[in-house]
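Student: Below are the chains, spelled out letter by letter.
2 protein chains.
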Amino acid sequence: MREQYQEQLDGLAAGLADMCDQTAVALDTATRALLDCDLPLAEEVISDDVKVDELRADVEEKAFELLALQAPVATDLRIVVSAIHVATDIERMGDLALHVAQAARRRHPDPVLPEEVQPYFAEMGRVGVMLARKAGEVIRTRNLVAAEELESDDDAMDDLHRHMFTVMMDRHWPHGVAAAVDVTLLARFYERYADHAVAVARRIVYVVTGQMPGPLAV
Amino acid sequence: MREQYQEQLDGLAAGLADMCDQTAVALDTATRALLDCDLPLAEEVISDDVKVDELRADVEEKAFELLALQAPVATDLRIVVSAIHVATDIERMGDLALHVAQAARRRHPDPVLPEEVQPYFAEMGRVGVMLARKAGEVIRTRNLVAAEELESDDDAMDDLHRHMFTVMMDRHWPHGVAAAVDVTLLARFYERYADHAVAVARRIVYVVTGQMPGPLAV
Numbered sequence: 001m002r003e004q005y006q007e008q009l010d011g012l013a014a015g016l017a018d019m020c021d022q023t024a025v026a027l028d029t030a031t032r033a034l035l036d037c038d039l040p041l042a043e044e045v046i047s048d049d050v051k052v053d054e055l056r057a058d059v060e061e062k063a064f065e066l067l068a069l070q071a072p073v074a075t076d077l078r079i080v081v082s083a084i085h086v087a088t089d090i091e092r093m094g095d096l097a098l099h100v101a102q103a104a105r106r107r108h109p110d111p112v113l114p115e116e117v118q119p120y121f122a123e124m125g126r127v128g129v130m131l132a133r134k135a136g137e138v139i140r141t142r143n144l145v146a147a148e149e150l151e152s153d154d155d156a157m158d159d160l161h162r163h164m165f166t167v168m169m170d171r172h173w174p175h176g177v178a179a180a181v182d183v184t185l186l187a188r189f190y191e192r193y194a195d196h197a198v199a200v201a202r203r204i205v206y207v208v209t210g211q212m213p214g215p216l217a218v
Numbered sequence: 001m002r003e004q005y006q007e008q009l010d011g012l013a014a015g016l017a018d019m020c021d022q023t024a025v026a027l028d029t030a031t032r033a034l035l036d037c038d039l040p041l042a043e044e045v046i047s048d049d050v051k052v053d054e055l056r057a058d059v060e061e062k063a064f065e066l067l068a069l070q071a072p073v074a075t076d077l078r079i080v081v082s083a084i085h086v087a088t089d090i091e092r093m094g095d096l097a098l099h100v101a102q103a104a105r106r107r108h109p110d111p112v113l114p115e116e117v118q119p120y121f122a123e124m125g126r127v128g129v130m131l132a133r134k135a136g137e138v139i140r141t142r143n144l145v146a147a148e149e150l151e152s153d154d155d156a157m158d159d160l161h162r163h164m165f166t167v168m169m170d171r172h173w174p175h176g177v178a179a180a181v182d183v184t185l186l187a188r189f190y191e192r193y194a195d196h197a198v199a200v201a202r203r204i205v206y207v208v209t210g211q212m213p214g215p216l217a218v
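From first to last, the protein sequence lines stand for chains X and W. Using the UniProt record's numbering, you'd call the opening residue of the first sequence number 1 and step up by one each time. Using the UniProt record's numbering, you'd call the opening residue of the second sequence number 1 and step up by one each time.
A portion of the hints provided could be inaccurate.
Said to hold, decoys possible - Only pairs whose alpha carbons sit at most 35 angstroms apart, straight line, appear in this in silico DSBU-like list of lysine-lysine:
hint, chain 1, residue 1, chain 2, residue 2
1, X, Lys62, W, Lys51
2, W, Lys62, W, Lys51
3, X, Lys51, W, Lys62
4, W, Lys62, X, Lys62
5, X, Lys51, X, Lys62
Unchecked claim - Computed spacing ranges between beta-carbons, pair by pair:
hint, chain 1, residue 1, chain 2, residue 2, range
6, X, Ala156, W, Asp58, 30 to 36 angstroms
7, X, Asp158, W, Ala156, 31 to 37 angstroms
8, W, Asp58, X, Arg2, 31 to 37 angstroms
9, W, Gly11, X, Thr209, 41 to 47 angstroms
10, X, Thr166, W, Gly11, 27 to 33 angstroms
11, W, Ala156, X, Pro174, 35 to 41 angstroms
The hints are simulated quantities; they were obtained by calculation from the structure and are not laboratory data. Where is the CB? At the ideal position from N, CA and C, for every residue including glycine.
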């Protein structure tokens, strides 16, 4: 009985880590679709999003069952409640990767992004994917050092995000308003994706230490 | 004992409804700050955001205690788990109102919005505030008719949001890229605020019926 209970708790973490891997793949693929104007890749992300949603439903159902049947307390209860929060964050990461893919599809066969900003988005994609993978690792290993690293990794994303605004605000931005609107929204999607990955890591810190790290910038 | 338990469950709903009211006030005030370039109003929203965060922490603590001490099952468990979700959504609504206020503060004493789009933002503010208030009412009364109304009310927000893009994409948009970037982000904040209010209502439908309504557009 006790053993099965422990397996159920571990199963929650495994499901959440799988969700992270799935959303890392989604952002990686969406970024390639965006940069290469690759419609089949965009479609792949769009149709695969349901998998993240299913994983999330599965995690939530397991968490609900655990609460109903095992009535966990103390640390175990923290694990289950945190799993519910974390599942929400990761599902949102999947949605944001989906939004990137939808932008690529919407403008196809035209590129969404002016060539000038493409390297920044390649980098935002790389940082985002790395954050998602690291969040998955933190869920699996409860490595608090890695959890803390996510916060500084996220600073790189914030810098890239801010830099996009500097580039667009330059009075010589030659790409017009439509491109600026797309860049604004896409940069926001990447930045929010990273914020959610950081939120995941912070929840794991809370599970392990019983304390939430300091306030999150929003 | 049973009576106290019921009071605790009711207390969760009361806390969440208060959060809705608080975020309705925040968006109303932030919208006025935005449209009237009113710095003190913007500062008010910014300093008041902590109240929403505190209400949320309070709801979460109560939910955690209920789970630990009462081990609720069935509908009661659904109520508690949903409270955790709903608190997250409403806190995010507060953050989005905060972002609106921060935009007003950042550009002060200049207006953030070109005069031409101000009426649309006044309307987005009105719809957003109405949605938050209605979400609070749904939490208090579990009125499923009102809950369903939120979905169609949200269509009005989506229309306004889409219309902003049409206005900016017009090749005669005379306000430049910087204004377009601001309009893009602000319109997104209002739209996301409304999405979260709808998500709150949907959770209450789930609490009452045991079924989530159909998939939410993201």
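Student: Would you list, in rising numerical order, the hints stated earlier that this structure does not obey?
Tutor: 9, 10
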